[in-house]
Amino acid sequence: MNDKKMRQSRWIPMISLIIIIVITYASATITEFNFIEGLATIPQALSWIVANLFITQESLEKLPTILVKLNETIFMSIAATTLAAVVSLFLGLMGSKTTKVNNVFSVIARFIASFSRNIPVVAWSLILLISFGQNSITGFLALFVGTLGFLTRAFIESIDEASVSSVEALRATGANYFHIVNKAVIPQSLPQMLSWILFMIETNIRSATLVGILTGTGIGYVFDLYYKTLNYNAVALVTFTIVIAVIVIDLISNRIRKVIL
Amino acid sequence: MTLLQVEGLGKSYESETQVLKNVNFEVKTGEFVSIIGPSGAGKSTLLRCINRMVEINEGRVLFNNLDVGTLKKKELRKLRTDIGMVFQHYNLVPRLTVIENVLHGRFGYKTTMQGILGRFTEEEKEHAFFLLQKLGIEDHAYKRCDQLSGGQQQRVGICRALIQDPKLILCDEPIASLDPNSSKVIMDHLKSITTEMGITCLVNLHQVEVAQDYSDRIIGLKQGEIVFDGMGRLLREEQINHIYGTELRELITV
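Chains Z and V, in that order, are what the protein sequence lines are. The opening position of the first sequence corresponds to residue 1151 in the working numbering, with each subsequent residue numbered one higher. The opening position of the second sequence corresponds to residue 329 in the working numbering, with each subsequent residue numbered one higher.
Isolated chain V (complex conformation):
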């Protein structure tokens, strides 16, 4: 079943540089898709068009048969509850505790008063602890987030996305600020979200090898255009070089 459909998507900031040009792809339910490409290729913008954190200029994004671009404010909130998001810099509220940050993921379902007063049901709290346990950070539940390591903070971020009970999780460079070990932990968790819970994942990545190891499918983005879309093992050396630019890649390997 097709969960997400992007048709002729175009985006430009201040009408000067075209960040995205005629982007077309589909994502099926339960897929784990990576988007690779160099910095400035438009990966982050592409993700943010899907939950309309940035406005769409051209084309359409269909999520669960809803046209994202035309949604009214209330419908947009409803849509966003179905789409979790994980960020490179975790984007937690550092001064609040882990459990508070996780429960922030429920605001999409709350009225203004419920949210301000912090009224969460017992089930929601239990579910929050269940998720923390699943990601192995339940011991830190009452610690302030700024006391955690990067990898732990990212796991809190994942919990916050999961407690939304989403159909799709967008991950914007989830491992770009982490060391190799923590990166592996995070990628394993993301992978298991798809395989165990059946939640679709769309992940922006820098590391081609990681993308090839984990994803069902890879989308290569270069200067706002899709230059590759297919299974990871079909991605050949010269295509990688094309996406990243040959010289750049040589620089990294040396």
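Bound conformation, chain Z alone:
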């Protein structure tokens, strides 16, 4: 009986691989995507990029405007992320198995988390665009909602992973809920939570560009503007500043991570 199971399980990776190949092939056929043709266009695309997307003296004059917008985007991402983190901390505590107050709140917290997470940020910004119009609030809220879902999920896991045993011990000493959360759960899972927050700030700066295109704010708006006016040199400059900004934020957060962990 057991032996038979073992033999069966050996075939599972093989079978799954075959299934994946079949699905890939089938979907390529259905969507009429030709892999070879796709490959063939790469050199052409590259030569277009090289020919058009370079930074000129002329486009550099636009740098101050771009930097102002970039600044706006970065701070909007940070604000949305940190505010979402505060709310997520509560939802995370409610949703976690170790620190939940009762099942009702736990289900609500998990529902909010998965609801806001499973709708992509782009969809959120389009939905919010209808009610809030084209302004920074819309972009801010879109990022906030998306981040809220992700961070709640991540916090629930950080809390569960970091503190089950010490929570048990503190409960056994007669400590109350607030003692346990403040003196066992938070100290133990804080580094990981901060790490997630930093990760979300990076991600949000990237998404903010996209959200900005849709909501007409920040660096995304500038990108869209130059792109639609065929000013590709300026587009190159915008892209370049975004890349630099993301790398810098990445380096900073890596440094912070090293210090706190």
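The set of hints was computed from the structure by calculation and includes no laboratory data. You can trust all of the hints, since none of them are fake.
Pairs of lysine-lysine, DSSO-like flavour, derived with a Cα cap of 30 angstroms: (1) Z:1408 / V:471; (2) V:349 / Z:1247; (3) V:406 / Z:1250; (4) V:406 / Z:1247; (5) V:402 / Z:1247; (6) Z:1250 / V:402; (7) Z:1250 / V:401; (8) Z:1250 / V:400.
Ranges of calculated distance between the beta carbons of each label pair, as one might list FRET restraints: (9) V:401 / Z:1217: 56 to 64 angstroms; (10) V:452 / Z:1394: 49 to 57 angstroms; (11) Z:1269 / V:505: 43 to 51 angstroms; (12) V:524 / Z:1402: 48 to 56 angstroms; (13) Z:1269 / V:452: 48 to 56 angstroms; (14) Z:1240 / V:505: 33 to 41 angstroms; (15) Z:1272 / V:474: 40 to 48 angstroms; (16) V:509 / Z:1407: 33 to 41 angstroms; (17) Z:1402 / V:401: 41 to 49 angstroms; (18) Z:1356 / V:440: 38 to 46 angstroms; (19) V:475 / Z:1184: 55 to 63 angstroms.
Where a beta carbon is used, it is the ideal one built from N, C-alpha and C, also for glycine.
With the hints as your guide, set chain V onto chain Z.
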């Protein structure tokens, strides 16, 4: 004087397997009692029913003449301050210092605000250092717990239990993750807690020899039922075999 009385205790998780069946025993003040039995016999569950870390399904647990099963939230907190607990995996907060972890044992006596702000009195701090000194780890007081060895962490765990000023200490496999030397140190400390401070100890153990060496009394648990209750030296080979299952024991000795 009887400190703890367990009457007809039964426990099942999700109403399927019965973990504990009609468990009856008494523990007197100042006794050192070991509970032995194979993994899955219900030892941990039994301990956790005493301070109601798991809910009691059937029967009663009387601690210091209080019916543990019927206590309200506040009374339960009060009860737990009287019962210290020591864990197999120490269950400290690894990122905090030794002294912080020891003082965690005082939360049962604190209001919410006092606890959150970490307000501890001078006496409490002095007592914490006294206990650390007694267990020989005062040099590590300001180190983070994850920098200590297993044996040292377990001693921190014992300090945390002792600073509660408990009447009873429950030890859930306190030496199961330790090497023989550290195990001896820990068992010696636990024994001295009973003999010197008069605090009752109820210890879950795997090792029969250790239980026989240290305890005043041994309770043998098998599949949730008590199959032996008496002095360690009265525990005979065939009873040990009965508790652990003969084949298993032979496997270990070979």
